[in-house]
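> Sequence:
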Amino acid sequence: MDSKQIRILEKFRAETAFMTDNAADFPRETPGDRTAQRLTGTVALIETLAGQQTSLAVRQNLGVKTAALERLVELMKKINGAAVALADEIEGIERRFRLPRRRTQERWLAAARAFYTDTADFEGAMEPYDLGPGFRERLAALTDALELAIGALDSAEARKGGATGGLVEAFREAGRHSRKLDAIVRNKYAADAGKLAAWRIASHTEAAPQRRKAAKK
Numbered sequence: 000m001d002s003k004q005i006r007i008l009e010k011f012r013a014e015t016a017f018m019t020d021n022a023a024d025f026p027r028e029t030p031g032d033r034t035a036q037r038l039t040g041t042v043a044l045i046e047t048l049a050g051q052q053t054s055l056a057v058r059q060n061l062g063v064k065t066a067a068l069e070r071l072v073e074l075m076k077k078i079n080g081a082a083v084a085l086a087d088e089i090e091g092i093e094r095r096f097r098l099p100r101r102r103t104q105e106r107w108l109a110a111a112r113a114f115y116t117d118t119a120d121f122e123g124a125m126e127p128y129d130l131g132p133g134f135r136e137r138l139a140a141l142t143d144a145l146e147l148a149i150g151a152l153d154s155a156e157a158r159k160g161g162a163t164g165g166l167v168e169a170f171r172e173a174g175r176h177s178r179k180l181d182a183i184v185r186n187k188y189a190a191d192a193g194k195l196a197a198w199r200i201a202s203h204t205e206a207a208p209q210r211r212k213a214a215k216k
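Just so we're aligned, residue 0 is where the sequence shown starts under numbering that gives the first Met the number 0, counting upward by one.
Among the hints, erroneous ones may be present.
[Stated by the list, open to error] Straight-line distance between alpha carbons at most 25 Å, and here's what the computed DSS-like set of lysine-lysine pairs gives: (1) Lys10 with Lys194; (2) Lys10 with Lys179; (3) Lys194 with Lys179; (4) Lys187 with Lys10; (5) Lys179 with Lys3.
[To be verified] Each pair of labels, with its calculated beta carbon distance range: (6) Arg137 with Thr47: 21 to 31 Å; (7) Ala119 with Glu146: 51 to 61 Å; (8) Arg102 with Gly164: 30 to 40 Å; (9) Glu146 with Glu172: 36 to 46 Å; (10) Arg33 with Ala190: 19 to 29 Å; (11) Thr163 with Gly123: 45 to 55 Å; (12) Arg37 with Gly193: 18 to 28 Å; (13) Arg137 with Val167: 12 to 22 Å; (14) Ile5 with Gly40: 13 to 23 Å; (15) Asp181 with Glu46: 13 to 23 Å.
Keep in mind that the hints were calculated from the coordinates and are not lab data.
From a predicted model like this one, the values you see are computed outputs, not experimental measurements.
Heads up, the beta-carbon is just placed ideally off N, CA and C, and yes, glycines get one too.
Kindly generate the complete structure, drawing on both the sequences and the hints.
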């Protein structure tokens with residue numbers, strides 16, 4: 000949420016708190032009670048969506064993806080180094096294991112799949128060059144892990160995007176309930192200056208803090 004939304008949410012919370020404190024004046028199933036309940040439910044929805052919008056899921060999945068990519072790249076660099084070292088024994092091998100020039104995750108994945116296919120013919124020759132037995136299986140596993148991490152991150156980002164859109168609509172809905180509640184409360188307490196003053200305080204949206212102007216020299 001941005002700072003304006005946070006201030007508006009605080010207003011909605013204050014309004015629901017006022018209605019809770021004065022629930023005796025708004026019996027069940029009266030317009031005031033129903034509208035207050037709807038506002039309370041929408042505030043809860045806003046809080047849920049705000050949590051999803053700033054969810055740790057995206058950051059966590061980004062961390063997993065970054066770590067998976069780093070491990071894959073590390074192994075691919077060793078395979079590339081082994082190929083370069085074998086160039087004087089196997090003609091053209093270094094050209095088959097070049098690292099991608101544009102190092103996006105998609106290009107790393109494509110290169111990793113090609114490395115896996117091409118190392119089938121050179122597994123035994125490459126193993127002594129600090130790759131060890133089973134390096135092709137490790138390469139396949141790391142490639143799969145990166146693909147899974149990318150998929151999980153995409154899903155988390157999609158959920159975050161959905162939460163952002165839902166948040167806009169939830170604020171609109173809460174605003175409708177708030178305006179209706181304002182009319183109901185003002186009618187209810189038309190002759191009660193104290194309650195009206197308390198309501199005005201609750202239903203007031205805090206102004207954005209003013210930025211300090213730079214002092215003139």
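> Each hint: holds or not?
Results for each hint:
1. A distance of roughly 17 Å separates the Cα atoms of lysine 10 and lysine 194; the hinted pair therefore holds under the 25 Å criterion.
2. Our distance criterion of 25 Å between C-alpha atoms is met by lysine 10 and lysine 179, whose separation comes to about 14 Å.
3. Of the pairs offered as hints, the one joining lysine 194 and lysine 179 holds, with about 17 Å between alpha carbons and a cut-off of 25 Å not exceeded.
4. Distance hint between lysine 187 and lysine 10 is fulfilled; the C-alpha atoms sit about 20 Å from each other, no more than 25 Å.
5. Taking the CA atoms of lysine 179 and lysine 3, the gap is about 21 Å. The hint holds against a cut of 25 Å.
6. About 41 Å separates the C-beta atoms of arginine 137 and threonine 47, a value inconsistent with the hinted range of 21 to 31 Å.
7. Hint check: alanine 119 to glutamate 146, Cβ distance near 20 Å, so the stated range 51 to 61 Å is violated.
8. Arginine 102 and glycine 164 have their C-beta atoms about 33 Å apart, which keeps the hinted 30 to 40 Å range intact.
9. Distance hint check: the CB atoms of glutamate 146 and glutamate 172 are about 39 Å apart, consistent with the given range 36 to 46 Å.
10. Here the CB-CB span from arginine 33 to alanine 190 is close to 23 Å, well matched to the stated 19 to 29 Å.
11. Between threonine 163 and glycine 123 the CB atoms are about 53 Å apart, so this pair conforms to the stated range of 45 to 55 Å.
12. A beta carbon spacing of about 26 Å between arginine 37 and glycine 193 agrees with the range 18 to 28 Å that was offered as a hint.
13. Taking the beta carbon of each, arginine 137 and valine 167 are about 46 Å apart, not inside 12 to 22 Å as hinted.
14. As the Cβ distance of isoleucine 5 to glycine 40 is approximately 19 Å, the hint placing it in 13 to 23 Å holds.
15. In this structure the supplied range 13 to 23 Å holds for aspartate 181 paired with glutamate 46, their Cβ-Cβ distance being about 21 Å.
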